[in-house]
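Q: Can you build the whole structure from these sequences, using the hints too?
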Amino acid sequence: MVYLKAIEAHGFKSFADKVDIRFDAGVTAVVGPNGSGKSNITDAIRWVLGEQSARSIRGVKMEDVIFNGTTDRKPMNHAYVRLSLDNTARTLQMDADVVHITRKLYRNGDSEYFINNDRSRLKEINELFLDSGLGRNAFNIISQGEVDEVLNAKPDQRRGLIEEAAGVMKYKLRKKESERRLEDTAGNLDRVHDIIHELESRVHRLERESANAKEYLALKDEMRQSDIEVTVHDVDALLAMLETETQSLSSVEQSIAADREALADIEARMTGLAEKRDEHDRRNRTLNARLVELSKKLEQTNGQIALYKERKDNKGQASEDLKVRLENSKERHDSLRQQQAEVLETLGALERTAQNLEQAIKDTRKERQELMKDQSGEIEQLKDQYYDLMVRKTTLENEYRRAEDEKSRLGDSIRQKQERLASLKSGLKEEKARLQTLQQQYDETRSTLSGKREAFQETDGRVAKLKSQYDKEREKLDTAKRYIEQQSSKLEMLTTMQNEYRGYYPGARFILKNRKPSDGIVGSVGELLSTDGEYVRALDTALGAQAQNIVAADEHSAKQAIRRLKDAKAGFATFLPMDIIRHKHIHSDIQSTISRTSIDVQIMSEIVQYEVDIPNIVSHLLGTTLVTQSMDDATQLAREIGHKLRIVTVDGETIMPGGAMSGGSRNSKSSIIESQREHQETKEKLEAYQEKTRHMSQSVTRLGEALADQMLQKDKLESEGREIAEQNETCHAEIGRLTYQIEAKEENAAILEAELKAIDAPLDTGDHAEQIKAVTADLEALNARIRRMSASDKDKKETLRQLTDEGHAMERELATVKERLNHSRNEAERLAAELADALSAVQDITDRQKMLEQDIGTLDIEALEAQRATLEQQVAELYEATEEAAALQHGLKQEYAGLQEAKDDHLKRLDALQDARRKHSGTKEKLDVQIEQKIEYLSETYKMTYDRAREEYQDFSNIDQKRMKISLNRKSIEELGPVNLGAIEEFERVNERYQFLKAQESDLYEARQTLLEVIEEMDEAVAVRFQSAYDQVNQHFGEVFRRMFGGGQAELRLTDPGNYLESGVEIYAQPPGKKLSTLSLLSGGERALTAISLLFGILKVRVSPFIILDEVEAALDEANVLRYAQYLKQLSQDTQFIVITHRKGTMEESDRLFGVTMQERGVSQLISVDLKDYEENIREEETV
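For the sequence shown, the UniProt record's numbering begins at 1 and goes up steadily by one.
Just so you know, these hints were derived from the structure itself, not from any lab. Misleading hints may appear alongside valid ones.
Stated by the list, open to error - Pairs of lysine-lysine, DSS-like flavour, derived with a Cα cap of 30 Å:
id, residue 1, residue 2
1, Lys1075, Lys1100
2, Lys943, Lys924
3, Lys123, Lys74
4, Lys154, Lys123
A: Have a look at this one:
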């Protein structure tokens, strides 16, 4: 039997100090006032058992369970609860007499679980208590309000109580896990189906392609020797043809050079003639332009002579007419000017008259307004002033009499006020001293509070900054980890490709993958050689297929490897025995040329690195290959060395011996050399980033620790600031109270002093007499003014009438003057316009007279006739010069035409020669391409160079028969169609995977069927166990109900009778004297007692190790509490009860009491009393 032995808590809610609560069998009651922390014991047990809902333990967030500090205590950084369970009966599946369950929670949200001090997971704790009657979801812990929830729960939810009692939770969890696995299995089956469906078509296709590839390899192997011999024979023939074409091309180029020299001489002569012709053309254009200009001038002169003769006859009459018109215009102008002066003079006089009348009208109106003012109001005001002065005079007389009477009644009043004033000043002195002290305290606390606030703000700023830095660094760390995962995957893929030698031919891959140290296989050329990144592409191009050649330690090792390839039918490979392969060097003449060139050139064998000592292999493969920076450098260097060596640029472009060129775009990613370089770069990059990530992780850890420290410091400052703020507010309130009292007393003292001063001052009666005299004089003056203003009304009315008549007359006169003024202004404007027109006419006539006089003076006809004779002579001379120039230009054109004909003849011959050169060049280029293709064919197909093939294959007999044999084999290969050589290996790999997936599919079907059978068996077991538990709980529920209520009946009913697997549970109760009804019709106490009866009935069926009840009897009356406590006592023989209660009856039936107090605010403390020992002591004392 498991029972709770002890609870150890520290930092959990109100348990600021470490508490260790020891329990024993029987009933333990926990008592204490409200708010003392009793229910925190229940929360602690629920929490340590794995509760994840903060609301279930009366919190908002899970960090609320950590002690948050008080006015005298700092908040704690973590909460800790440890549960000790007795397991001597091995009820729990652990080999230990005592099981310790521990949970820790930190403010940063981290949570830890321990079972017997071993770190564990929440899942393991849940599995430990499965079907034991314990756990966060079991009914062994019933908190406040949960009793009524049992009754308010839905039937499906209430079913869980019966399932817990039946012990089927483990079956339900296993069923849930089985269903999850069933879903996973279904998903896996779907994926396997998809993959198999995809692979089926690939397997059939690859099977056909693999057969074709094997047949292709067999045909290729059969025609190998004949094909190589025919290719070498063709290369020799092509080289001979290339030499012939080179000689023919040289002869044609010499002829072209001679014709170009003759053509250049002709063009020079034609250029001279063209310059002379252009010069004569310019002279002719000048003569023609001069001729045209003089011809125009001659025509103009003839026209002027005719015009002047006609105009001279008509100009006399026009001059007389202009004189008459000028005199008339001047007379009209003088008349208009005189009229304008008269009008302007009249206009000025009228304007002055209008201004004088307007001013007179204004003055008249002002006088009228002054006279029209109503003075009745002013008279009334003077009367009011008179009455006020009368009242003032009476008041002064009364005060004068009272002052005389007061002198005899002031003795006793002065003495009493002086005594009261002395008392007030004494009290003020004490209170001001107290106020000064409080003000100093207030200033000190305010300064301290300001410092705390600044420190809090700084700390808060640091917390925010650290939080931001922590989040940023954490994000960077996560990004770095993801990048490392990507690079690791990439490195793993590249490593796998290297280890599996992907990209190699099947034969080379077979040897490299299956080599042993004793085989004498050193490795492939591609994996043994490396170079700087700048020359990787050049090295890859220079090696080509030779990168897959295999370096063997000696000839014997190479033979053994070839034999293994034949036996395994694994393909073909080229081997380089280290004891046979010899160095290759560049000829001394070429070496001398290279040393003298200005081109940046390297020998490939000198710029590669290799860890294994294979200099002869490197020299053999790369000793005669040169490397340049660009294609231009390569072509220049090739011409210098006579196209005798292969030249490779750093971009991978190639010039072969003989002059053939190759280049363009190439996918370097697929090459062996590039793959190795990428693998090394990825590895180095990954190592560097891993080191950087390690530093980032350390930085994140440091930031997290610093953030936690700053958060604690922030909470501390907040608590201290709150305390100082309270002190400051108290001090400020006291200062306000004292200030008010002091101000009130000072005000009273000031009043008393003023009263005493007023009493002590002598009463000045002389001043009153002077004031009375002045007021009397003012009264007499006002009275005289009122009489004058009241007597002048008749005179004012007469004057007002006269002023009105004068004003009307002046207004009529002003209207007449304004009308005349407008008429004069219009007349002045008209005269100004006519005067401007007259002046313009005089000026126009004067200008025309001047023009007429000037024209007559300039009509010199004789001069024009002399000018005409000169122009006619110049025109005749120009005609003669143009005829001579035209004759000279004709001779130059004929000579130029003869040279052009000779040039055309040379150009025709040059075109024919250039056609011949193009033909020879085209033939030469074709031969170069064919030679390159043949050599490349040997390299790509048979992995050998032309030089090596020329040395090893020299049987050139029966070439035609060999060609026929090759043709037949190629025809057979063509009939095969496109061949995928990788299909052989790919078919084996895909077929292996296909067969594996088929087996997996069969296993998944079996697993699915097994899971369905397991689920069916578990459903049957659950139904049987649930039915048995339901019947027993129903029976015990009725019995306990009758005992608790002293009669009546109660029962459980299934919502779906007979369906023990899914049916919900309804509760029906009939207290004594009532009808059987649903729970909603019961009172609060009856509902609580019914729920307790159901829980006790469940305990009869499923004994729980311990039960915790938190004030479940709160709604019961005293009689029911007693029955509840007695029944609880009876059940405690098999179950340990921990009861939180306020009821006396429950306490009396308990075996021991724990008292929870809160002597220090916010901190719970425990006091325990064992009632059994107490009763035994009482009995012993009674016996004694």
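Q: Does each hint fit the structure? Answer for all of them.
A: Cross-check of the supplied hints:
Taking the CA atoms of Lys1075 and Lys1100, the gap is about 26 Å. The hint holds against a cut of 30 Å. With a C-alpha separation of about 27 Å, the suggested pairing of Lys943 with Lys924 holds against the 30 Å cut-off. About 34 Å separates the Cα atoms of Lys123 and Lys74, which puts this hinted pair outside 30 Å; it is violated. Distance restraint check for Lys154 and Lys123: the Cα-Cα separation of roughly 28 Å lies within the 30 Å cut-off, and the hinted pair is therefore satisfied.
Hint violations for this structure: number 3 only, all remaining hints satisfied.
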